[in-house]
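Student: Construct all of the structure, not just a fragment, from the sequences and the given hints.
Chains A and B, in that order, give the protein sequences.
If you count the first sequence from 1, position 216 lands on 215 in numbering that gives the first Met the number 0, and the numbers rise without skipping.
If you count the second sequence from 1, position 182 lands on 181 in numbering that gives the first Met the number 0, and the numbers rise without skipping.
Simulated from the structure, these hints should not be mistaken for laboratory data.
There's no promise every hint is true.
[To be verified] Now the in silico label distances, taken between C-beta atoms and shown as ranges: (1) A:Y16 - B:V299: 40 to 48 Å; (2) A:M334 - B:D263: 54 to 62 Å; (3) A:V236 - B:R199: 16 to 24 Å; (4) A:E259 - B:I72: 24 to 32 Å; (5) B:H232 - A:F31: 49 to 57 Å; (6) B:E21 - A:V236: 49 to 57 Å; (7) A:Y16 - B:V319: 57 to 65 Å; (8) B:T38 - A:K374: 51 to 59 Å; (9) A:N296 - B:F3: 41 to 49 Å; (10) B:K408 - A:F31: 44 to 52 Å; (11) B:F3 - A:G333: 41 to 49 Å; (12) B:F365 - A:G43: 40 to 48 Å.
[Unchecked claim] Listed below are the simulated DSBU-like cross-link pairs for lysine-lysine, each with C-alpha atoms no more than 35 Å apart in a straight line: (13) A:K463 - B:K57; (14) B:K403 - A:K463; (15) A:K106 - B:K106; (16) A:K119 - B:K403; (17) A:K374 - B:K22; (18) A:K57 - B:K423; (19) B:K423 - A:K281; (20) A:K266 - B:K22; (21) A:K405 - B:K106; (22) A:K423 - B:K423; (23) A:K403 - B:K463; (24) A:K305 - B:K106; (25) A:K65 - B:K57.
Quick reminder that beta carbons are idealized off the backbone N, C-alpha and C, glycines included.
There are 2 protein chains.
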Amino acid sequence: METFRISDFELYDVVLYGDEEEKNELLANQVFVQGWVRTNRDNGQIGFIEFNDGTYFKNVQLVYSKDSKDYGILTSLRNGCAIEVEGKLKLTPEMKQPFEIEVLAAKLVGECAEDYPLQKKRHSFEFLRDIAHIRPRANTFQAVFRVRSVLSYAVHQFFQERGFIYVHTPEITTNDGEGAGNVFDVTTHDTKDPFEFYGRKVNLTVTGQLHVEPFALSFRDVYTFGPVFRAEHSNTVRHASEFWMIEPEMAFCDLNDNMEVIEDCIKFCISYVMEACPEEMKFFNTMIDNTLIDRLNHVVNSDFQKMTYTEGIEILQNAVKSGVKFENNDIKWGMDLQSEHERYLTEKVVNGPLFLIDYPEEIKAFYMKLNPDKKTVAACDLLVPAVGELVGGSQREENYELLKAKMDKLGLTEGLEWYLDTRKYGGCVHSGFGIGFDRLLMYVTGMQNIRDVQPYPRTSNNIKY
Amino acid sequence: METFRISDFELYDVVLYGDEEEKNELLANQVFVQGWVRTNRDNGQIGFIEFNDGTYFKNVQLVYSKDSKDYGILTSLRNGCAIEVEGKLKLTPEMKQPFEIEVLAAKLVGECAEDYPLQKKRHSFEFLRDIAHIRPRANTFQAVFRVRSVLSYAVHQFFQERGFIYVHTPEITTNDGEGAGNVFDVTTHDTKDPFEFYGRKVNLTVTGQLHVEPFALSFRDVYTFGPVFRAEHSNTVRHASEFWMIEPEMAFCDLNDNMEVIEDCIKFCISYVMEACPEEMKFFNTMIDNTLIDRLNHVVNSDFQKMTYTEGIEILQNAVKSGVKFENNDIKWGMDLQSEHERYLTEKVVNGPLFLIDYPEEIKAFYMKLNPDKKTVAACDLLVPAVGELVGGSQREENYELLKAKMDKLGLTEGLEWYLDTRKYGGCVHSGFGIGFDRLLMYVTGMQNIRDVQPYPRTSNNIKY
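Tutor: As structure tokens, this is what we get:
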């Protein structure tokens, strides 16, 4: 008889999807598993350990009896400790779990102190946030962080399979991207001088877009996917001071092409996660938001609609006239829409994903292309039910004179001459978009607080880990 | 007749690998291409444009004659300008290039100013470094940055297909990882106070390892892949102040298992790039280092050797005795090996990749597992010919008392109590390693300066972009 070292994932894979030969081979031999005790109960005759090695969402049930060779060890195992077990696989098609492992020998390889903070009872997310180094072992966070990993990979697959070049844009930079002023400075230890190391004042990046555009004008289709930073004290459930952004940029691509890629990308990522993480998605739908899977399926099967900002404003004004109440009922052309307005348009008016396009120039970033009306820019925000804005994109201003005049007016030209150069040397129609990865993850999992989808969230006054 | 919008990559793909039907369809119709003029020469009768849209390493040849409808436009096109061309595909099996496009109509869509810095002549890497926003259009950097993207994806594929969970460890942190003291502080705009935003002093991370270990003790196999920072003024060809690190971490994994994963990972990544980027690799082998492909093939086909540090020291001491001259000939047990020593072992002694293991405790990081000899730790550095160290890994100290005593002695405990916790709550044997991604890319491409493999390199006193 042989003993096979095997993971939880492989066990479930063979039992649920393996052929008879594979199954019989495992059943005829012994298995060796290594992982952690989730819970352990023992009625004096027979004991059950909910075991998990982190490779699969569901636990594996280990069964032992008072006659087991290592009963003394087994009965005293505390929640959280690390064990190694040899045992026999038994199929249990009549039970809740499809199989269990009858323990033949067990070894405690990592004791767990009595004050282990993760006990069987349900813990609040607030409590778990305070033990960021332990919470990945809790069900919700096993699901969140596995989906985070799978969703990241989906992003790379989507772009790489379409020939996009992944560009690592820099984190330390001399510009503050969109000019909003909420940047972190970078200084060298002790001197506190942001000029010292590089000879110029430097800060953490707020966007990779400016640095990725020159690559689009060399490789056509490119993307960046990395951390960005905002020193905002906004203490909301959707703001963190460090988060990951996906920023594709495409040459010879106008606003309509851009929206096609956004739609394909969002649909691909959602479908990918639903297929790769069915257990996790079922869990979120049951425990976090029971409209989640319906909502995601609806998005995948929708044709995303388009509406101009100007049409949106008219619809909102008419809604107010006909009695709809917003927190802000003073709907005027030129205003920045609030989340409540965006949600009204996507939920009540079109009941599905909606691109709002052609925003007033004044409320959008300097690099967006001025439309022929000279009042609006070729921007597209993707609004989705239950959330509001999920993606922001635009066609970029490729006209050197127009862009320079705007940058001069805003005082942005100095230090960004190289960015302007891209319009002088073979610049062409190009577009791109940005997706806040953490917000996309919230959208896909139904999690409501950005602090619960980041491994170690960084928010104002909060950096224990 | 139809007109197909098509990329350079698709053109080469159909002509070289497509079936007859696909080829004939293209030949019977017209193609529409969008991209940039690399060079344009015209003898008054017939003109040739070396055209590239960034999707494939090789150019596409556009041919026009003085009778062409848009001859006036075509003949005046400057290097670097963006054009759109309709034409007929012609196979040219007897020529250097397998096909060309006979231009039917052309449009200049992005003018290129006369002072375009990228001219036909060969430019030095130093010169190109100074135009980081333009150099991605040069052959060498088309090759470098495409391989950078493909190599990144290879890393993700390797780990994701083996069930590893990708963890986005934080960039802003309160610890300085290995305690080397060369960190960048992070402050808020104007206040210059690294305490202000988070209520604690914060800096940019030097490693994701400490933050990823708790995830290995939850998910078993995990990895992080993201930017790290070092405020070192080292002005060498291998040091940058910002670079990307790959840091896998595995529970229930000892030093030997660790070395197996390292060997598999390096072989997978090299093979992947050689298969996915044959034209680029041929270019590097011709233009940068004509031993490159042989060297990489040798690595892929080697069994990586193992040697203890102590054996290595003895071999080096004997080499000095028998007349080998190093810059530093004072070989003593306990010393940090220099690159010249590492290269001697990997090139002269084993002639292939070599794991040097079991280093003196004093010269390695605090978290490495103390061996039974109480003098060495379970570390493994992978040394490779032509470079020296490529990967550094170790088994981690899982014993709470030993680790705490060491951290206390080094003054590292305060603020890292959570890290120690992982040894209290179900800690187990675990190991991991780190690969400097930019150095791996240098190794795979043969490029000699880290400034030439990063999109916008950050080094001391250098941050123009």
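Student: Now look at each hint and say whether the structure bears it out.
Tutor: How the hints compare with the structure:
no. : hint                        : result
1   : A:Y16 - B:V299: 40 to 48 Å  : violated, 32 Å
2   : A:M334 - B:D263: 54 to 62 Å : holds, 57 Å
3   : A:V236 - B:R199: 16 to 24 Å : holds, 22 Å
4   : A:E259 - B:I72: 24 to 32 Å  : holds, 30 Å
5   : B:H232 - A:F31: 49 to 57 Å  : holds, 51 Å
6   : B:E21 - A:V236: 49 to 57 Å  : holds, 51 Å
7   : A:Y16 - B:V319: 57 to 65 Å  : holds, 60 Å
8   : B:T38 - A:K374: 51 to 59 Å  : violated, 42 Å
9   : A:N296 - B:F3: 41 to 49 Å   : violated, 34 Å
10  : B:K408 - A:F31: 44 to 52 Å  : violated, 37 Å
11  : B:F3 - A:G333: 41 to 49 Å   : holds, 43 Å
12  : B:F365 - A:G43: 40 to 48 Å  : holds, 45 Å
13  : A:K463 - B:K57              : violated, 51 Å
14  : B:K403 - A:K463             : holds, 19 Å
15  : A:K106 - B:K106             : violated, 74 Å
16  : A:K119 - B:K403             : holds, 29 Å
17  : A:K374 - B:K22              : violated, 47 Å
18  : A:K57 - B:K423              : holds, 24 Å
19  : B:K423 - A:K281             : holds, 33 Å
20  : A:K266 - B:K22              : holds, 32 Å
21  : A:K405 - B:K106             : holds, 28 Å
22  : A:K423 - B:K423             : violated, 61 Å
23  : A:K403 - B:K463             : holds, 19 Å
24  : A:K305 - B:K106             : holds, 30 Å
25  : A:K65 - B:K57               : violated, 72 Å
Violated hints, in rising order: 1, 8, 9, 10, 13, 15, 17, 22, 25; the structure is consistent with all others.
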